[in-house]
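2 protein chains.
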Amino acid sequence: MNVSKTAAIYKDIQQTICSTLEKADGTGKFSLDVWEKEIGSGLTRVMQNGSIIEKAGVNFSHVTGDFNENMAHLLGEKASKFEATGISSILHSGNPFVPTIHMNVRHFELDNGSSWFGGGIDLTPMYVNPEEARWFHQTLKDICDKYDTSLYPVWKNWADDYFYIEHRHETRGIGGIFFDRVAVNSNSDYEKMLSLTTDLAHAYPVIYAELMKNNGHRSFTEAEKHWQKIRRGRYVEFNLIYDRGTKFGLESDGNTESILVSLPAEVEWVYQHQPAPESAEAKTLELLKKGIEWIS
Amino acid sequence: MNVSKTAAIYKDIQQTICSTLEKADGTGKFSLDVWEKEIGSGLTRVMQNGSIIEKAGVNFSHVTGDFNENMAHLLGEKASKFEATGISSILHSGNPFVPTIHMNVRHFELDNGSSWFGGGIDLTPMYVNPEEARWFHQTLKDICDKYDTSLYPVWKNWADDYFYIEHRHETRGIGGIFFDRVAVNSNSDYEKMLSLTTDLAHAYPVIYAELMKNNGHRSFTEAEKHWQKIRRGRYVEFNLIYDRGTKFGLESDGNTESILVSLPAEVEWVYQHQPAPESAEAKTLELLKKGIEWIS
Numbered sequence: 211m212n213v214s215k216t217a218a219i220y221k222d223i224q225q226t227i228c229s230t231l232e233k234a235d236g237t238g239k240f241s242l243d244v245w246e247k248e249i250g251s252g253l254t255r256v257m258q259n260g261s262i263i264e265k266a267g268v269n270f271s272h273v274t275g276d277f278n279e280n281m282a283h284l285l286g287e288k289a290s291k292f293e294a295t296g297i298s299s300i301l302h303s304g305n306p307f308v309p310t311i312h313m314n315v316r317h318f319e320l321d322n323g324s325s326w327f328g329g330g331i332d333l334t335p336m337y338v339n340p341e342e343a344r345w346f347h348q349t350l351k352d353i354c355d356k357y358d359t360s361l362y363p364v365w366k367n368w369a370d371d372y373f374y375i376e377h378r379h380e381t382r383g384i385g386g387i388f389f390d391r392v393a394v395n396s397n398s399d400y401e402k403m404l405s406l407t408t409d410l411a412h413a414y415p416v417i418y419a420e421l422m423k424n425n426g427h428r429s430f431t432e433a434e435k436h437w438q439k440i441r442r443g444r445y446v447e448f449n450l451i452y453d454r455g456t457k458f459g460l461e462s463d464g465n466t467e468s469i470l471v472s473l474p475a476e477v478e479w480v481y482q483h484q485p486a487p488e489s490a491e492a493k494t495l496e497l498l499k500k501g502i503e504w505i506s
Numbered sequence: 211m212n213v214s215k216t217a218a219i220y221k222d223i224q225q226t227i228c229s230t231l232e233k234a235d236g237t238g239k240f241s242l243d244v245w246e247k248e249i250g251s252g253l254t255r256v257m258q259n260g261s262i263i264e265k266a267g268v269n270f271s272h273v274t275g276d277f278n279e280n281m282a283h284l285l286g287e288k289a290s291k292f293e294a295t296g297i298s299s300i301l302h303s304g305n306p307f308v309p310t311i312h313m314n315v316r317h318f319e320l321d322n323g324s325s326w327f328g329g330g331i332d333l334t335p336m337y338v339n340p341e342e343a344r345w346f347h348q349t350l351k352d353i354c355d356k357y358d359t360s361l362y363p364v365w366k367n368w369a370d371d372y373f374y375i376e377h378r379h380e381t382r383g384i385g386g387i388f389f390d391r392v393a394v395n396s397n398s399d400y401e402k403m404l405s406l407t408t409d410l411a412h413a414y415p416v417i418y419a420e421l422m423k424n425n426g427h428r429s430f431t432e433a434e435k436h437w438q439k440i441r442r443g444r445y446v447e448f449n450l451i452y453d454r455g456t457k458f459g460l461e462s463d464g465n466t467e468s469i470l471v472s473l474p475a476e477v478e479w480v481y482q483h484q485p486a487p488e489s490a491e492a493k494t495l496e497l498l499k500k501g502i503e504w505i506s
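Chain order of the listed sequences is A and B. Residue numbers for the first sequence follow our numbering, beginning at 211 and rising by one. Residue numbers for the second sequence follow our numbering, beginning at 211 and rising by one.
These are computed hints drawn from the structure, not numbers from a lab. Hints are supplied without guarantee of correctness; some may be wrong.
Identical copies carry no separate label here, and so any pair may be met within one copy or between two of them.
To be verified - Taking lysine-lysine and the DSBU-like style, the derived pairs with C-alpha atoms no more than 30 Å apart in a straight line are:
#1 Lys247 with Lys500
#2 Lys493 with Lys247
#3 Lys499 with Lys247
#4 Lys500 with Lys439
Produce the complete structure using the sequences and hints provided.
Below you can see the structure in the form of structure tokens.
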């Protein structure tokens with residue numbers, strides 16, 4: 211079982227992520243909460259009301275427990291114990307021109323010998339900037355290509371499918387990459403996936419620092435702020451209705467405050483809100499679709 | 211099959227509810243949207259930005275369709291067609307001293323002969339006023355007692371259990387009554403449940419008018435408004451994670467905007483928000499528990 215080794219590395223990266231983000235924000239500081247429950251323990255780091263970052267949660271956890279029937283059904287595996295570790299993070303800016311971003315890396319093992327990694331990074335701009343979207347996807351592709359050029363196309367489509375808000379017929383944002391159940395059958399498999407997930411986790415705050423630098427100083431109108439709050443409503447809908455991590459966390463009696471720190475601060479729901487035709491908001495809606503190839 | 215008869219009556223009551231609420235609010239007006247989908251049709255009436263009511267949805271629907279496997283599993287019934295009608299409503303005030311209220315009445319029939327009613331009214335104050343809570347429960351009890359004095363105690367507990375936010379270990383509000391699958395086996399059963407549900411639906415705007423009259427003029431601080439937005443976050447969590455009506459609606463490709471008009475306008479999530487000890491907010495939290503007997 212390698213999860214403990216992975217956990218030690220992920221725990222260090224959590225700290226690096228937070229210090230990089232603090233530097234990029236300038237004034238915001240991460241608090242640290244340690245939680246311990248029957249299922250395991252975690253470190254929740256939260257920044258609220260920074261100069262660009264309005265609310266950020268960077269969670270590390272390392273848990274172990276009985277592999278119950280629910281999990282067995284969900285995962286199609288037979289086992290009696292599981293062990294898992296991961297970093298999970300969402301960053302929200304107060305500036306509508308700075309996107310919301312999400313990153314997760316995780317390593318899961320069962321005592322029947324099964325072991326796998328999952329994770330990804332995806333971006334949710336309130337105003338899609340196609341140039342930035344291409345750069346974001348290219349950055350992810352470059353990381354994937356270092357390991358295997360067949361990964362990006364598959365994981366990019368997986369993100370399109372996963373981050374889809376069925377009842378709105380729209381994607382959560384412009385996607386990114388998403389992968390799950392990448393099996394570890396040998397030591398070299400393990401080293402590869404550990405390296406790939408740590409590359410992703412390291413790239414995450416660097417990507418966001420760039421997005422903050424490009425957009426964090428931009429002034430915005432009340433109408434643009436209002437649009438941001440409405441789009442955040444969609445984010446909440448996705449996280450509470452569809453997101454498997456949130457569901458699994460809440461159902462397994464995880465740490466509610468750590469799980470729901472992912473939700474944005476100020477949110478708004480307006481009945482039948484429709485952006486004006488040809489507006490920047492309408493153009494963004496047109497780009498919240500599956501299957502857009504940002505990199506040609 | 212009596213659903214069409216019920217539907218005609220419910221449709222009229224929807225209008226009465228809206229006109230009573232418009233009168234009580236003074237300035238707000240309900241819009242009307244008619245929707246038609248493969249599954250059936252509905253009338254969605256919405257008020258936004260009234261003088262006391264900030265956002266109100268009063269939905270009527272009458273739907274019919276194939277009884278699919280999902281429903282069969284959920285309801286433990288075998289049938290090939292279903293028909294259903296109902297009124298579903300949630301009212302949010304901009305004033306933190308005016309509670310949020312929810313009402314639903316519904317009649318469901320299958321082509322295997324099964325027929326039942328469900329519904330209820332429940333109240334979610336941001337600041338629990340025990341005297342008002344007693345009056346609210348007494349009003350519901352009086353309606354139930356007209357039909358059968360055994361109903362209120364059972365339906366009151368049912369509301370406590372149903373409107374429970376498991377991951378927060380708190381109830382959504384001070385409850386009320388909730389009932390489901392009340393079987394209709396004879397014409398007198400039907401007349402009784404039709405009458406009881408229409409009594410409830412008629413009482414609903416009258417109850418709210420009273421709460422608006424008592425509290426709608428009260429001034430409030432920014433801190434009280436902030437607390438209201440945080441409490442609304444819990445309401446959103448309940449509706450998106452647990453509420454069966456919302457789930458059923460979104461999964462059956464119902465009318466998304468009509469279903470989610472139930473969500474409050476402005477909402478806020480703050481990491482680990484804790485009210486000050488002994489504050490009015492802390493006292494409210496202490497009353498968000500199952501099993502409080504408001505009427506002794």
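To see whether the hints hold, each was checked on the structure:
| no. | hint | result |
| --- | --- | --- |
| 1 | Lys247 with Lys500 | between (39 Å within a copy, 24 Å between copies) |
| 2 | Lys493 with Lys247 | between (46 Å within a copy, 27 Å between copies) |
| 3 | Lys499 with Lys247 | between (40 Å within a copy, 23 Å between copies) |
| 4 | Lys500 with Lys439 | within (23 Å within a copy, 33 Å between copies) |
Against the hints set out earlier in the document, no violation occurs for any number.
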